[in-house]
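So the protein lines, in turn, are chains A and B.
Going by this note's numbering, the residue at position 89 of the first sequence is 89; the numbering climbs one at a time, nothing skipped.
Going by this note's numbering, the residue at position 171 of the second sequence is 171; the numbering climbs one at a time, nothing skipped.
Since the hints were derived computationally from the structure, they do not count as laboratory data.
There's no promise every hint is true.
Quick list of the computed label-pair ranges, beta carbon to beta carbon [what the hints assert, rightly or not]: (1) B:Arg129 to A:Ile117: 56 to 62 Å; (2) A:Leu94 to B:Leu349: 34 to 40 Å; (3) B:Gly130 to A:Ala77: 41 to 47 Å.
Here are some of the chain A residues that sit facing chain B, going by a computed Cβ distance under 10 Å [unchecked claim]: (4) Tyr55; (5) Val70; (6) Pro74; (7) Asp109.
Note that the Cβ used here is the ideal one computed from N, Cα and C, for glycine as well.
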Amino acid sequence: MLDRIFEFICAVLMAGVVLITTATIVFRYILQSSLPWSYEVLLGLMVYLTFFSGYVALRQGAHLRIDVVVGRLPLRAQMAVYLINQLVVIGVSLVMVIWGTEQTINYSDRFSLMLNIPQPVFYAVIPLAGAAMIIECLRQCMEAIRGFQQGKAPYSPERQEGEQV
Amino acid sequence: MTTLVLILSLLLGSIGLGLPIAFALAAVSIGALMFTGADMSIVVQRLYEGTNSFPLLAVPLFILAGTIMNHGGISTRLMNFARALVGSMRGGLAAVNVVTSMFFAGMSGTSMSDTAAVGGVMIPQMIKRGYSPAFTAAITASSSTIGVIIPPSVPMVILAAYMGISTGALFAAGIISGLLLGLGLIFVGWIVSVKRQYPAEEPFTFRQATSSFLSAAPALVMPLIVLGGILGGIFTPTEASGIAVVYGIVIALVVYRSLSFAKLYQCFVESAVLTGAVMLVTATAHVLGFTFTYLALADAVLEPVSQMEFGPVMLLVVLAAFLIVVGTFLDGIAMMFIVVPLFLPATQLVGIDPLQFAMVVMICWGIGQQTPPVGAALFITSVIARVDVLRITYANLPFIAVMFIVLALVILLPEWIVLSMPRWLGL
Chain A
1 MLDRIFEFIC AVLMAGVVLI TTATIVFRYI LQSSLPWSYE VLLGLMVYLT
51 FFSGYVALRQ GAHLRIDVVV GRLPLRAQMA VYLINQLVVI GVSLVMVIWG
101 TEQTINYSDR FSLMLNIPQP VFYAVIPLAG AAMIIECLRQ CMEAIRGFQQ
151 GKAPYSPERQ EGEQV
Chain B
1 MTTLVLILSL LLGSIGLGLP IAFALAAVSI GALMFTGADM SIVVQRLYEG
51 TNSFPLLAVP LFILAGTIMN HGGISTRLMN FARALVGSMR GGLAAVNVVT
101 SMFFAGMSGT SMSDTAAVGG VMIPQMIKRG YSPAFTAAIT ASSSTIGVII
151 PPSVPMVILA AYMGISTGAL FAAGIISGLL LGLGLIFVGW IVSVKRQYPA
201 EEPFTFRQAT SSFLSAAPAL VMPLIVLGGI LGGIFTPTEA SGIAVVYGIV
251 IALVVYRSLS FAKLYQCFVE SAVLTGAVML VTATAHVLGF TFTYLALADA
301 VLEPVSQMEF GPVMLLVVLA AFLIVVGTFL DGIAMMFIVV PLFLPATQLV
351 GIDPLQFAMV VMICWGIGQQ TPPVGAALFI TSVIARVDVL RITYANLPFI
401 AVMFIVLALV ILLPEWIVLS MPRWLGL
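Pulled out of the complex, with its shape left as it was, chain A reads as follows (with noise of 0.2 Å):
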């Protein structure tokens, strides 16, 4: 379920994002006007849809990752190296959080130029989508170790890389 919700934000992100493109080419090409509110929402999409889909590709477990060689370990082995994987993916999210929280508050004078939109609107989802991280990070490990006690690997090898561009 709430997978579906993730999913449905992520496609209303993208879905955004053409739509608003879209509707600067018209402007531009066929109205022979601008949107100059366009720019601003568009690079504040592109950051939701950067961080939130991160999140999501986190949970997913799509993020690009190269698991040819820890998928050769024995398992016990497997196991040690996914949890550390998990801890530095932890330390990175929480640095997203305590300094993306520090500097969404330090930018709640700012405003942007053309929207006035309060500048930790667009710095706010650094912090949560870290936070969110942790939490999902976590849920993977509590998993992973049911897994483990079951003789299952974390990084199973039939499967290769993550999709890449």
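Given the coordinates of chain A, work out where chain B should sit on it, guided by the hints.
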């Protein structure tokens, strides 16, 4: 120098051990910056600035356009047209494979959607017609590399934004190399086919060519709009990517009726998640780039270059060797973001054109996709053709040689191969 070696080994080691690339770039930078006592809020600022960029908007849009084409049944029509054009050659299907990849490359921005779409249809057909599975997989993998080099290309958008150069100019710079690469692959495929007596398909007829052209025409208009618009200076690459999406939706939904709304929704979700994965790497790469500058790590390359009077050619050869070695173990995007900030200052010192530098990176990206243990194109084709990766690599050697020849041309003749197109178009 020791700091550089330490940081590079940490990056390679952690990525090699399965840490997602985005987090590896971020974690190593955060560690290094913390160690030197830098303010951590710079990390968040760099993450933000790494995504808050107008040219990068083309990334989600080109990814979406590629996904829609992939699901929209456009590849079959392109293939039929390619078959009518070059199928009559000896080893016709091998040439069709390359030509379809070239059409595809002109529309989608990603080479993986290209490999999956073309390979999924071509590989079974070629094996059925008697081509060896290893050769089939090899030509599919190597021709998909064209997707990185013929514009539009998502890796080019990312690199241009990172280097602060014009995306349109880099697109233009890739055209000649992309065409040379395509022709080279067709030529090598033809030689192998003649030697092994692979079959030719039905002879060329004008009628077949026109009818398949008409069926593919709505799809073929897309690269015309996208490339013509960008190269003619009418649209920005971001606008062109938006047009590609809307046009792709119209074609798939209305003209070919090959896409349902439910599937279209799936395309949006799929591309958004892929965008998240790619863009998070791009964002964390900005943190890494800052770390390299902050610790003056590029000096390790800069100093020998300034002292020993490294010529531009020598420097590019070293760069290419470095990229290929790193690209063998890492995937393209990680390779690019680790190597580019190290070499960029030195190339500027020697006076290498940023477009030439970028093209060397792009072709090495393509070569990196072909080499095990980490080669995305190889894995996809090996799964479809059911051959192991090493046998594909062996069959792939002549095709990889073509890439090296194009790389050499880019390094030795930049005026002709790289810079002539952007200059001619005034980009």
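Verification of the supplied hints:
Taking the beta carbon of each, Arg129 (chain B) and Ile117 (chain A) are about 59 Å apart, inside 56 to 62 Å as hinted. Checking the proposed 34 to 40 Å range against Leu94 (chain A) and Leu349 (chain B) shows it holds: the Cβ atoms sit about 39 Å from each other. About 45 Å separates the C-beta atoms of Gly130 (chain B) and Ala77 (chain A), a value consistent with the hinted range of 41 to 47 Å. For Tyr55 (chain A), the shortest C-beta to C-beta distance to chain B is roughly 7 Å, which falls under 10 Å, so the interface hint holds.
Against a cut-off of 10 Å between C-beta atoms, the interface hint on Val70 (chain A) holds, since the closest Cβ of chain B lies about 4 Å away. A hinted interface residue such as Pro74 (chain A) counts as satisfied when its beta carbon comes closer than 10 Å to some beta carbon of chain B; here the least separation is about 14 Å, so the hint is violated. A distance limit of 10 Å between C-beta atoms decides the matter here; for Asp109 (chain A) the minimum to chain B is near 16 Å, and the interface restraint is violated.
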